[in-house]
Amino acid sequence: MADYQTHEHDVLVIGAGGAGLRAAIEASAGGVSVGLVCKSLLGKAHTVMAEGGIAAALANVDERDNWKVHFSDTMRGGQYVNNWRMAQLHAQEAPARVRELEAWGAVFDRTPDGRILQRNFGGHKYPRLAHVGDRTGLELIRTLQDHGIHMGMEVYMECTVVRLLKDGDRIAGALAYYRDRGRFVVFKAKAIVLATGGIGKAYKITSNSWEYTGDGHTLAYDAGAELQDMEFVQFHPTGMIWPPSVMGILVTEGVRGEGGILLNSKGEQFMYKDIPDLYKNQTAKDPEEGWRYCTGDRNAQRPAELLTRDHVARCIRREVKEGRGSPHGGVFLDISWIKAKIPNAPEHIKRKLPSMYHQFKELGDIDITKEAMEVGPTTHYIMGGVKVDAESQMSRVPGLFAAGECAVGINGANRLGGNSLSDIIVFGKRAGEYAAKYAKEQSAPALHNDQVEAAARWALEPFDRQGGTEGPYNVQHDLQDMMQDLVGIVRREDEMQKALEGLGKLRERAKRAMVKGNREYNPGWHTALDLHNLLVVSEAITRSAIIRKESRGGHFRDDFPAKVEKFGKVNLAVSKSADGQMDVKEVAIPEMPDELKQIIKEMG
Amino acid sequence: MSTTVSSQTVTLRIWRTDGQGGGKFENYTTPVTEGMVVLDAVHAVQAKDANDLAVRWNCKAGKCGSCSAEINGAPGLMCMKQLAHMPLDQPITLEPMRAFPTIKDLVTDVSWNYRVKKEIKPFKPRPADAPDGTWRMGQADVDRVQEFRKCIECFLCQDVCHVLRDHQLHERFIGPRFLVHIAALEMHPLDTEDRLKELKDAQGIGLCNITKCCTKVCPEHITITDNAIIPLKERVVDEYYDPLTRLWRLVFPKKK
Numbered sequence: 025m026a027d028y029q030t031h032e033h034d035v036l037v038i039g040a041g042g043a044g045l046r047a048a049i050e051a052s053a054g055g056v057s058v059g060l061v062c063k064s065l066l067g068k069a070h071t072v073m074a075e076g077g078i079a080a081a082l083a084n085v086d087e088r089d090n091w092k093v094h095f096s097d098t099m100r101g102g103q104y105v106n107n108w109r110m111a112q113l114h115a116q117e118a119p120a121r122v123r124e125l126e127a128w129g130a131v132f133d134r135t136p137d138g139r140i141l142q143r144n145f146g147g148h149k150y151p152r153l154a155h156v157g158d159r160t161g162l163e164l165i166r167t168l169q170d171h172g173i174h175m176g177m178e179v180y181m182e183c184t185v186v187r188l189l190k191d192g193d194r195i196a197g198a199l200a201y202y203r204d205r206g207r208f209v210v211f212k213a214k215a216i217v218l219a220t221g222g223i224g225k226a227y228k229i230t231s232n233s234w235e236y237t238g239d240g241h242t243l244a245y246d247a248g249a250e251l252q253d254m255e256f257v258q259f260h261p262t263g264m265i266w267p268p269s270v271m272g273i274l275v276t277e278g279v280r281g282e283g284g285i286l287l288n289s290k291g292e293q294f295m296y297k298d299i300p301d302l303y304k305n306q307t308a309k310d311p312e313e314g315w316r317y318c319t320g321d322r323n324a325q326r327p328a329e330l331l332t333r334d335h336v337a338r339c340i341r342r343e344v345k346e347g348r349g350s351p352h353g354g355v356f357l358d359i360s361w362i363k364a365k366i367p368n369a370p371e372h373i374k375r376k377l378p379s380m381y382h383q384f385k386e387l388g389d390i391d392i393t394k395e396a397m398e399v400g401p402t403t404h405y406i407m408g409g410v411k412v413d414a415e416s417q418m419s420r421v422p423g424l425f426a427a428g429e430c431a432v433g434i435n436g437a438n439r440l441g442g443n444s445l446s447d448i449i450v451f452g453k454r455a456g457e458y459a460a461k462y463a464k465e466q467s468a469p470a471l472h473n474d475q476v477e478a479a480a481r482w483a484l485e486p487f488d489r490q491g492g493t494e495g496p497y498n499v500q501h502d503l504q505d506m507m508q509d510l511v512g513i514v515r516r517e518d519e520m521q522k523a524l525e526g527l528g529k530l531r532e533r534a535k536r537a538m539v540k541g542n543r544e545y546n547p548g549w550h551t552a553l554d555l556h557n558l559l560v561v562s563e564a565i566t567r568s569a570i571i572r573k574e575s576r577g578g579h580f581r582d583d584f585p586a587k588v589e590k591f592g593k594v595n596l597a598v599s600k601s602a603d604g605q606m607d608v609k610e611v612a613i614p615e616m617p618d619e620l621k622q623i624i625k626e627m628g
Numbered sequence: 373m374s375t376t377v378s379s380q381t382v383t384l385r386i387w388r389t390d391g392q393g394g395g396k397f398e399n400y401t402t403p404v405t406e407g408m409v410v411l412d413a414v415h416a417v418q419a420k421d422a423n424d425l426a427v428r429w430n431c432k433a434g435k436c437g438s439c440s441a442e443i444n445g446a447p448g449l450m451c452m453k454q455l456a457h458m459p460l461d462q463p464i465t466l467e468p469m470r471a472f473p474t475i476k477d478l479v480t481d482v483s484w485n486y487r488v489k490k491e492i493k494p495f496k497p498r499p500a501d502a503p504d505g506t507w508r509m510g511q512a513d514v515d516r517v518q519e520f521r522k523c524i525e526c527f528l529c530q531d532v533c534h535v536l537r538d539h540q541l542h543e544r545f546i547g548p549r550f551l552v553h554i555a556a557l558e559m560h561p562l563d564t565e566d567r568l569k570e571l572k573d574a575q576g577i578g579l580c581n582i583t584k585c586c587t588k589v590c591p592e593h594i595t596i597t598d599n600a601i602i603p604l605k606e607r608v609v610d611e612y613y614d615p616l617t618r619l620w621r622l623v624f625p626k627k628k
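If you read the protein sequences in the order shown, they are chains U and P. So the first sequence is numbered by the numbering used here: it starts at 25 and just counts up by one. So the second sequence is numbered by the numbering used here: it starts at 373 and just counts up by one.
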């Protein structure tokens, strides 16, 4: 171990998106020593790509909003398999977390009376998303970054964690490598907060970047924590689909929040054809009422385009499958039509959706103020993640915390747009706070040399492989193709069984994948190591999806297209058994307290 | 995704470092698909011919500012540069940003930027306007600051700034990115901090001679020079030089 650079911190945060930064800020404020590790440069994490806004019941635009409505919307969107306590804490604490961002320098768009402006979004009853045009994520991450760097935390950029280290049952640290020189670094820590985001790179069509390889999910799983709800993957209904090179890049739901409509090739506003019972009372009767809602008519219900993401994605798929798709296999999303309703529509669109305007102009040669976009579903988010205590965000491994996308709880079977940015600051703060508190109560753990050596040997193995025939990118691409085809937006038992077999073969191939070159900034090597994580999360998704024989939220089974009551009472927990096999079991959802039941009933 | 619309190919002439402080250009040819951007072509090369080719990227949509490079000699984001808009009859030359030390291939050491930012005095708001701890600001009052806050920290402006690139005055000048950052703080309606002395001295705003190269390369179209740097220069002048000028003029009035 003497060979390795070693750093010691009370709290080590892995991941520097919104959740990681917020956790690091809170832990630093708690007076402990904090290390923040990130795979990319600081400020480049996936949070930067969040567009539409951050959901918080500030009630600045509609005074009827409050935490209870937000809680109820979140539970309904999640089809009631959420962790209700987390959904409650989230709804209650989000407003304070948003105001805090303003105190740290964030500059949100304003209401006429000078407060934080809020916009409409899918599944939210009232205009609830605080936003900055369509670059809210950038505002959030930059605010946290610029605040955080003055808090005394140590930031380790372009540093990837390979494995968590333990001292008995408890967390003791992590082994990582610096991307630039490929050298190992050992972190010794009393508490670790995982904030590594999602798993989108397990799929071919995704809005996620290279970083989203399920690192935190896998690190926690390998360290003995439980994962949960892994079958619930969110396919965002509107990704770019043309040209091919931009396939999957996100088109914000904010387009629909500002009045954008979805059309099929016949020019039908098809979302009005199928309104789920759960949302009948909350949805506009016709497009005209929907438009009135978007312009602030308080007596109007929200347009069918703003139904939850799982539903919209499936409707788009249905239109395409039944032959009413756009030329490149999606549907049309049109915001330009609002020129019939308001003066200066092009300027309005450019001001409210500046990045969308540029994205289509520069990557698709399309002017969205004049013509419709072509869109289709893209893998966007995983509701499932590391199972944690609602209050403290600690997993069942003492000292191991998780927050944000890599943790599970608030979203249930489907996440509402805007609830992720609020999730990451609410539970990022909680994770940081409780990790610091935990660390203060603990003595220093011992690092065990054998664990460090074993992890380092494993990480270097790809360089020693001889006689292989392929590199890691081949394996990664085949995995992505397979998950897209067999465990994607619509699932079937036989296809998923095939995927399980396929995963076994891919794992063998991953073990033989050859790496060329040396350890210095070598993406081939990094990809070879990421394969392990992608394979673990892909297996967890597939196994859970096979067991949930019903359709709910982001999980849709062609062979079980209806909701089944008994599955509404359980979550699926994934853990590593003693023999190293993946174990999936049903866990009963705890009974909701009467007061929360009452809220849901009242919100109808 | 690999729908090749024609048999057209592109040759990339990519700077490959040798690990000894030098390097050379190497040519790679890859098929062109519709809508392909430079970064796609780099990824295709990386996946097939050069697994160890180092390149930074994240969002692939011009939002994170990771894939900055010099494309045919012009600094830009590789993810936003469509091949269809470039001549493909000759190789496309790709080099790392030359104002920063190269780590490997197209990846540069930009850590200096992070050190610079840490030295800048952070946001310090005035007391809250309302009893609930919130403030009131009009949209018109924040428009300018929001323009500056669009910055994605791609550091292309730092790359083209001749004070940094040609004169290497990194110890005396913070560069356009951080002048924009300071402008965003100084013009924030709630901020109460004073950063003018540092701007004049350690941060070297006087070294900028307004050639506007930074404005031209900004992928976020921030009017860096006109909206950020010049107003800051005016504030520094008002604060530190204007009274002297007035005194001077008192003693030596201008001849009509």
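One thing to keep in mind: the hints can contain errors.
SDA-like cross-link-like pairs, simulated, lysine to any residue; straight-line CA separation at most 25 Å [said to hold, decoys possible]:
| no. | chain 1 | residue 1 | chain 2 | residue 2 |
| --- | --- | --- | --- | --- |
| 1 | U | Lys593 | U | Met616 |
| 2 | U | Lys385 | P | Gly505 |
| 3 | U | Lys394 | P | His593 |
| 4 | U | Lys92 | P | Val404 |
| 5 | U | Lys228 | P | His593 |
| 6 | P | Lys588 | P | Gln454 |
No lab work stands behind these hints, which were simulated from the structure alone.
Here is what the structure says about each hint:
A C-alpha spacing of about 11 Å is found between U/Lys593 and U/Met616, which places the hinted pair at or below 25 Å, so the restraint holds. A hinted pair counts as satisfied when its Cα atoms are at most 25 Å apart, and U/Lys385 with P/Gly505 does not qualify at roughly 41 Å. Under the criterion of a C-alpha separation no larger than 25 Å, the hint pairing U/Lys394 with P/His593 is consistent with the structure, at around 22 Å. Distance check on the hinted pair: U/Lys92 and P/Val404 sit about 53 Å apart at the alpha-carbon level, beyond 25 Å; violated.
Taking the CA atoms of U/Lys228 and P/His593, the gap is about 32 Å. The hint is violated against a cut of 25 Å. Simply put, P/Lys588 and P/Gln454 have alpha-carbon atoms about 18 Å apart, close enough for the 25 Å limit, and the pair holds.
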